[in-house]
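Q: One letter stands for each residue in the lines below.
Number of protein chains: 2
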Amino acid sequence: MRVQTTMLDEWGKLLITGWNKAGWMAKSTQLGDRIAGLVGAPDGSVIVGDTLTIKVYQALSAALEMRPERRVILSDNGNFPTDLYMAQGLIGTLDKGYSLKVVAPEDVAGAIDETVAVVMLTEVDYQSARKHDMAALTAAAHAAGALTVWDLAHSAGALPVDLTGTGADFAVGCTYKYLNGGPGAPAFIYVTPHLQNAVRPALSGWLGHEAPFAFDLDYRPDTGINRMRIGTPPVLAMAALEAALDIWEGVDMAELRSESIALSELFIGLVDRRCPTVTLASPRNPATRGAHVALRHPEGYAIMQALIARDVIGDFRAPDVMRFGFTPMYLEPNNIHHAVDVLAEILDNRLWDRPEYRKKAAVT
Amino acid sequence: MRVQTTMLDEWGKLLITGWNKAGWMAKSTQLGDRIAGLVGAPDGSVIVGDTLTIKVYQALSAALEMRPERRVILSDNGNFPTDLYMAQGLIGTLDKGYSLKVVAPEDVAGAIDETVAVVMLTEVDYQSARKHDMAALTAAAHAAGALTVWDLAHSAGALPVDLTGTGADFAVGCTYKYLNGGPGAPAFIYVTPHLQNAVRPALSGWLGHEAPFAFDLDYRPDTGINRMRIGTPPVLAMAALEAALDIWEGVDMAELRSESIALSELFIGLVDRRCPTVTLASPRNPATRGAHVALRHPEGYAIMQALIARDVIGDFRAPDVMRFGFTPMYLEPNNIHHAVDVLAEILDNRLWDRPEYRKKAAVT
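Chains as they are written, first to last, in my numbering: chain A, 17 to 380; chain B, 17 to 380.
The following block holds chain A by itself, in its conformation from the complex (with noise of 0.2 Å):
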């Protein structure tokens, strides 16, 4: 409905004049304060637009260029690839000798020293569920001089984050999955307070500008988290976005994460039982788990697409990991407990051995 009105009540009847009539332009800073209260951000620290891509550029180069003297973005082979891409793409256009060190999740702490100037990783892994400490390594990246990036992609909605009390200095996350922003929905950066203006932005695209309207031929960056805005904001995606940020109103993230982690133990418990052929691919000890879990076997791809033929959905990620993820506010018992029917009664009949189920699309 919001974005009906959006469409045909603003778009429709106000046109351009929708930018200030409507309040357009005033939504990424809106929505962005809106996720900050989900994130343990105060406001105006976060902003959204773009995609989690983009935001993981802006955050890293700005970062890169706080730490001059230091050549090594150190990260590990948990973080989703995007992050991993963009930090190649980006020591690739620097060419100054940097190089991107990835690591195994455990070996990052032991890792970090006074070579590198940033820290990126996924406090999430996007399949192992598995979850890192981010108030420690973040403390171990300050006590060494580097900074840190925090991917909240897998976090951000579904546990509690506390980006002060941490002293994260860049965070990035995705609103289309926890947050339910719809498919390809915007993106948000954090910056912590007290390094915004120090920030030159690499991407510096005029809505970041001070004075945007004034099309000044020289770019001078706003102050505080506006300059990491790029390009015209995505209003039709921003108006789905703030709908689905209603939801969130009044939600306690710790009451939240209490019962995401009642369902995935009840998951746990009952897979380990009926489902004898698939192993945990996830941390046991919830407190270091996000809020999903990942399962694993080798004709995973088959089983996925027999359980989204009955309406039992998650998805796959090559080679052999389910993911399902466990949202207290759509889901409840009695969804987990059939959901682990399903898979057994699909695993014990290998109802999956079915050419429609192993026939691989190209998205999957």
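You may find that some hints are simply not true.
Pairs count within a copy or across copies, as identical chains cannot be separated in the list.
Pairs of lysine to any residue residues, derived as SDA-like cross-links and limited to a Cα-Cα distance of at most 25 Å, are as follows [unchecked claim]:
1. 376 with 236
2. 112 with 176
3. 376 with 227
4. 375 with 231
5. 117 with 216
6. 376 with 332
7. 376 with 45
8. 376 with 231
9. 376 with 238
10. 112 with 131
11. 375 with 229
12. 375 with 242
13. 117 with 236
14. 112 with 129
15. 112 with 86
16. 375 with 232
17. 117 with 314
18. 117 with 227
19. 112 with 85
20. 117 with 238
21. 112 with 81
22. 112 with 275
23. 375 with 324
24. 376 with 232
It is worth saying that the hints were derived from the structure and are not from the lab. From a predicted model like this one, the values you see are computed outputs, not experimental measurements.
Assemble the complex: chain A is given as a structure, and chain B must be docked to it using the hints.
A: Coordinates of chain B only, in the frame set by chain A:
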């Protein structure tokens, strides 16, 4: 309706399976091919996504790397500021002695020499509608060994563009002006086929990867225009754009151009006679003018507010320019007569001189 279908039937029912089942992942290239048809480009040379600002950065960084021995980006002071800002941001990132040389539009041809790596221009000036000769300037650039980046923001859907015929190397554009994609609709980028596989993407996001869903740790660009994809595509915005592009099926751009010129000539003629206090800020020769007409008046801001209050909707560009678009798909001579009637009445009776029209909004 297309957006509603995408939201309710696709997103609402298919959830993440919509990426395959509803063909979301293929939209960026499908819509690119449709836009290609409107700008004289072959299939497989245009892709949709992100904002025009980001696409400028992609094109410019790729072009600069193709001329590694040169250090000058040549542009003009009629270029839209975000293009200049992105060049400045990129130069700051590269930090290798690059410079952005900004000359007057009429001096561009004479400034192209063998120090120039890239000539970056907007074909139709966003303010005055002055139109560059894309073919001649591209030929001059190539003769000097430089590449071209053309911004088609005020060209695509406004007048015939022949990217293939002019030999343009890179082009970018937005879809929210003449293509009616909606506020903040996604942008597009063109790369001439013979250069596509030579591009090193600076913004090397996962969807430009050869195999995004293999989740490799190292970036390998896809072949062709696909490597200009960056992050997850904006599905809802693409649904709106898809519907908007339907109306362009079968449109003859040459015919549209001659109707657009007829409307703008009518407008200029009527304004000349009836509105002596405004001056024409666009070229008089329609062959060197885009599809909008700019008028200048010291009280342009208040006059535009008075026009908008009377449902004659143009826009204002500081310090004193009023812009009026001429799209034959929506306008006919009657509308032009009416618009000039209203404008003349406002000017003759100083109806603009009211506090509510003079109060500037944040966005103008």
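Q: Confirm or reject each hint.
A: How the hints compare with the structure:
1. With identical chains, the CA atoms of residue 376 and residue 236 are at most 25 Å apart between copies only, with a shortest distance of 22 Å across copies and 49 Å within one.
2. Taking the shortest alpha-carbon separations for residue 112 and residue 176, neither the intra-copy value of 38 Å nor the inter-copy value of 43 Å comes in at or below 25 Å.
3. In this assembly of identical chains, the alpha carbons of residue 376 and residue 227 lie at most 25 Å apart only when taken from different copies (14 Å versus 50 Å within one copy).
4. In this assembly of identical chains, the alpha carbons of residue 375 and residue 231 lie at most 25 Å apart only when taken from different copies (19 Å versus 53 Å within one copy).
5. For a Cα distance limit of 25 Å, the shortest separation of residue 117 from residue 216 qualifies both inside one copy, at 24 Å, and across copies, at 21 Å.
6. When the C-alpha separation of residue 376 and residue 332 is checked against a cutoff of 25 Å, the pair qualifies only within one copy, where the shortest distance is 11 Å, while the shortest distance between copies is 52 Å.
7. Taking the closest pair of Cα atoms, residue 376 and residue 45 come within 25 Å of each other only across two copies (21 Å); inside a single copy the shortest separation is 41 Å, beyond that limit.
8. In the homo-oligomer, the alpha carbons of residue 376 and residue 231 lie at most 25 Å apart only across protomers (16 Å), although the nearest pairing inside one protomer, at 50 Å, exceeds that limit.
9. For a Cα distance limit of 25 Å, the shortest separation of residue 376 from residue 238 across copies, 19 Å, qualifies, whereas the shortest one inside one copy, 47 Å, does not.
10. Within a single copy, residue 112 and residue 131 get their C-alpha atoms as close as 14 Å, and across copies as close as 23 Å, so both meet the 25 Å cut-off.
11. Taking the shortest alpha-carbon separations for residue 375 and residue 229, only the inter-copy value of 15 Å comes in at or below 25 Å, while the best intra-copy value is 52 Å.
12. When the C-alpha separation of residue 375 and residue 242 is checked against a cutoff of 25 Å, the pair qualifies only between copies, where the shortest distance is 24 Å, while the shortest distance within a copy is 46 Å.
13. Taking identical chains as interchangeable, the C-alpha atoms of residue 117 and residue 236 lie at most 25 Å apart only when they sit on different chains, with a minimum of 18 Å there against 33 Å within one chain.
14. Proximity of residue 112 to residue 129 under the C-alpha cut-off of 25 Å is restricted to the intra-copy arrangement: shortest distance 20 Å within a copy versus 28 Å between copies.
15. In this assembly of identical chains, residue 112 and residue 86 lie within 25 Å of each other by CA distance both inside one copy and across copies; the values are 11 Å within and 18 Å between.
16. In this assembly of identical chains, the alpha carbons of residue 375 and residue 232 lie at most 25 Å apart only when taken from different copies (21 Å versus 55 Å within one copy).
17. With identical chains, the CA atoms of residue 117 and residue 314 are never at most 25 Å apart, being 30 Å at best within one copy and 58 Å at best between copies.
18. In this homomeric assembly, residue 117 and residue 227 come within 25 Å of each other (Cα to Cα) only across copies, at 22 Å, whereas the closest approach inside a single copy is 39 Å.
19. Proximity of residue 112 to residue 85 under the C-alpha cut-off of 25 Å is found in both arrangements, the shortest distances being 11 Å within a copy and 17 Å between copies.
20. In this assembly of identical chains, residue 117 and residue 238 lie within 25 Å of each other by CA distance solely across copies; the values are 24 Å between and 33 Å within a copy.
21. In the homo-oligomer, the alpha carbons of residue 112 and residue 81 lie at most 25 Å apart both inside one protomer (12 Å) and across protomers (15 Å), since each shortest distance falls under that limit.
22. With identical chains, the CA atoms of residue 112 and residue 275 are never at most 25 Å apart, being 48 Å at best within one copy and 54 Å at best between copies.
23. Taking the shortest Cα distances, residue 375 and residue 324 sit within 25 Å of each other inside one copy (14 Å), while across copies they are farther apart (56 Å).
24. Taking identical chains as interchangeable, the C-alpha atoms of residue 376 and residue 232 lie at most 25 Å apart only when they sit on different chains, with a minimum of 18 Å there against 51 Å within one chain.
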